[in-house]
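K.L.:
Start from the sequences and build out the full structure, keeping to the hints where you can.
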Amino acid sequence: MSLNALLSRWRSEPEIGGNIVSWEIIPARQARYMPVPSEVHPGLKAALKARGVESLYLHQASAWEHARQRENIVVVTGTASGKTLCYNLPVLDSLIKESDARALFLFPTKALAQDQLSNINALLTYASNSVIQADLPPASSYDGDTPSNARSAIRQNARIIVSNPDMLHTGILPHHTSWAGFFRSLRFVVIDEMHIYRGVFGSHIANVIRRLKRVARHYGSNPQFILTSATIGNPLQLAGWLVEEPFVLIDNDGSARGQKHFLIYNPPVINKELGVRRSLLQESIQLAEDLRSYQIQTILFGRSRRSVEIMLRYLREKSVADKPHDRSDSRVPGSYPPVVNPANAPETVRGYRSGYLPRQRREIERGLREGQVRSVVATTALELGIDIGGMGASILAGYPGTIAGAWQQAGRAGRGQEASLSILVTSASPLDQFLASHPEYFFGRSPEQALINPDNLLILLGHLRCAAFELPFKDGEAFGRVEPERVAEILEFLLGEGMLHRSGDRYFWMADRYPAEAVSLRSTSPDVFVLQVENDGDVRTIGQVDGPSAAWMVHPGAIYLHEAQIYIVDQLDL
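Position 495 (the sequence shown) corresponds to 495 in my numbering; numbering is contiguous.
Treat the hints as calculated values from the structure; they're not laboratory data. Glycine included, every Cβ here is placed at the ideal spot set by N, Cα and C. The reader is advised that the hints may include incorrect statements.
Below, a list of computed lysine-lysine pairs in the DSBU-like style, where the Cα atoms sit at most 30 Å apart [claimed, not checked]:
| id | residue 1 | residue 2 |
| --- | --- | --- |
| 1 | Lys49 | Lys97 |
| 2 | Lys213 | Lys49 |
| 3 | Lys110 | Lys49 |
Label-pair distances were calculated between CB atoms; the ranges are [as the list claims (entries may be wrong)]:
| id | residue 1 | residue 2 | range |
| --- | --- | --- | --- |
| 4 | Ser55 | Gln156 | 34 to 40 Å |
| 5 | Asp573 | Ile25 | 35 to 41 Å |
| 6 | Gln565 | Arg278 | 24 to 30 Å |
| 7 | Val269 | Ala31 | 43 to 49 Å |
| 8 | Glu418 | Arg151 | 40 to 46 Å |
| 9 | Glu418 | Asp546 | 34 to 40 Å |
| 10 | Asp546 | Thr146 | 18 to 24 Å |
| 11 | Val200 | Asp387 | 48 to 54 Å |
| 12 | Thr146 | Asn234 | 20 to 26 Å |
P.N.:
Spelled out as structure tokens, the structure:
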């Protein structure tokens with residue numbers, strides 16, 4: 001079914017068209033190409049060709065040129081613009097040509113890391129099977145899920161490590177002596193989804209990078225940094241704050257883009273005296289149903305885990321009829337499209353949020369890529385660049401709080417030259433209603449700036465403890481851009497607390513505690529509660545809940561929703 005047919009129907013129906021307060025059409029854009037540089041290793045060229053890449057987008061070629069000049073770069077382009085090739089190409093080329101070089105890839109989540117690991121290894125497989133052999137072993141994942149018996153071999157042999165900041169913080173830097181060969185030859189550090197690293201989380205990450213650079217210097221390496229980001233107001237500034245190095249901005253997006261319709265939909269008032277509007281969730285569900293009936297693959301974003309489960313349950317409970325939801329008896333006769341029932345079956349609607357098991361997430365991602373899953377209801381967990389294929393439409397059930405976040409969610413719809421649709425359904429909150437009354441504010445404003453403060457004393461103190469555990473501090477040593485005088489003041493405080501011992505001109509860690517375990521990068525408890533269902537003596541695991549959420553989500557007697565199923569909590573083992 002055609003997106004244009006559905007949009008034409010919506011325009012003609014007062015029940016829908018009358019609630020659309022803004023209808024922006026973002027024009028299509030043609031791709032701008034550059035030839036693959038002649039300096040690229042022949043094996044890598046063959047790998048690109050085998051994957052259908054005959055030339056590079058303009059921004060990919062720019063990234064290659066600056067990267068080979070050993071400049072730090074930050075790439076800021078749209079969703080599905082091929083940002084991964086901006087770092088994969090220069091990194092893999094250098095590692096093929098430099099037999100000792102190593103690279104560290106950092107992704108904010110395990111799911112994204114696994115997704116990109118497959119991408120990297122697919123390129124390496126094609127390169128290794130080319131006429132000119134590329135002598136480079138597969139990239140290796142190193143995170144909390146890596147089997148203990150595989151870790152030693154990875155530390156010794158892997159030339160490309162794919163991990164996340166949490167593992168770098170607790171599992172790699174404190175044990176850097178086991179990684180001596182890797183750090184000695186560390187040539188690249190890739191940080192994907194930079195825009196995630198803001199606020200408290202970003203302030204922690206900046207200090208982790210300070211520690212990383214300190215350990216790398218100890219082993220005599222000075223890695224080059226390649227960062228990628230969604231659109232934010234200050235990408236160059238944020239990159240500089242995180243890494244404390246000069247950067248070159250690559251934002252000349254050369255990828256193709258299809259026409260995008262962006263609608264702001266304000267549910268109608270049902271009680272003028274009280275100003276009550278129709279339910280945000282119900283209106284979002286009805287729009288999603290219409291898109292589903294036209295066979296348009298759709299992602300519906302909820303603002304909380306609970307709202308995701310509620311919308312998922314409603315969508316699954318809707319009868320699989322031969323016409324979409326009947327909003328009004330005044331529809332034009334014959335306006336309903338024919339529906340292929342299998343595509344509207346309940347199993348084609350899935351949820352996606354934190355708390356689902358990794359295997360559930362992989363199954364859902366695969367279903368989206370292959371087209372079996374036609375609708376997915378998700379939290380911001382799917383904002384990140386996990387490969388889920390080309391969605392035809394995205395619905396935002398409420399303003400996510402930032403312009404940058406809204407465009408990131410909207411960007412999940414649309415791939416290549418195909419037209420796409422994004423709908424912001426506003427809630428009754430004052431902020432949402434302001435946007436409904438002033439859509440020009442949303443469409444005319446630049447995305448917000450991302451701010452961090454890595455020198456916040458509480459954050460800095462924790463990471464100085466970690467850094468002292470990793471390597472002794474010398475008199476007069478700075479910590480990133482923290483002046484030696486301030487570092488010395490904090491070290492003297494830790495000395496007085498009995499955590500450090502001074503010998504000569506150095507401060508050594510003396511405390512029994514392992515400091516990294518006491519510093520949570522995301523300012524949440526590291527505890528995770530496993531959810532188990534018992535049925536006639538058969539116990540199976542269905543999901544998990546983070547520590548801070550357990551007390552209010554899965555307390556005894558709580559009603560817990562998981563993949564649209566209702567469970568009653570019998571026991572919480574604290």
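K.L.:
Keeping to a limit of 30 Å between CA atoms, is the pair of Lys110 and Lys49 held or broken?
P.N.:
Judged against 30 Å, a Cα distance of about 29 Å means the pair holds.
K.L.:
Can the suggested window of 20 to 26 Å be confirmed for the beta-carbon pair Thr146 and Asn234?
P.N.:
violated, 35 Å
K.L.:
CB of Gln565 to CB of Arg278, is that within 24 to 30 Å?
P.N.:
holds, 27 Å
K.L.:
Sort out whether Lys97 lies within 30 Å of Lys49, counting only the CA atoms.
P.N.:
It holds: about 19 Å lies between the C-alpha atoms, which stays within 30 Å.
K.L.:
Given the hint of 48 to 54 Å, check if Val200 and Asp387 actually sit that far apart at their C-beta atoms.
P.N.:
violated, 29 Å
K.L.:
If you check the beta carbons of Asp546 and Thr146, does the distance land in 18 to 24 Å?
P.N.:
holds, 21 Å
K.L.:
Does Lys49 lie within 30 Å of Lys213 when you go C-alpha to C-alpha?
P.N.:
violated, 36 Å
K.L.:
Starting from the hint 34 to 40 Å, judge whether the C-beta atoms of Glu418 and Asp546 obey it.
P.N.:
holds, 37 Å
K.L.:
Is 35 to 41 Å a correct range for the gap between the Cβ atoms of Asp573 and Ile25?
P.N.:
violated, 54 Å
K.L.:
Has the hinted range 34 to 40 Å been met by the Cβ atoms of Ser55 and Gln156?
P.N.:
This hint holds: roughly 38 Å between Cβ atoms.
K.L.:
For the range 40 to 46 Å, tell me whether the beta carbons of Glu418 and Arg151 fit it or not.
P.N.:
At 43 Å between Cβs, range holds.
K.L.:
Falls inside 43 to 49 Å, the C-beta gap from Val269 to Ala31?
P.N.:
44 Å Cβ-Cβ, so the 43 to 49 Å window holds.
Comparing the model with each earlier hint shows violations of hints 2, 5, 11, 12; every other hint is respected.
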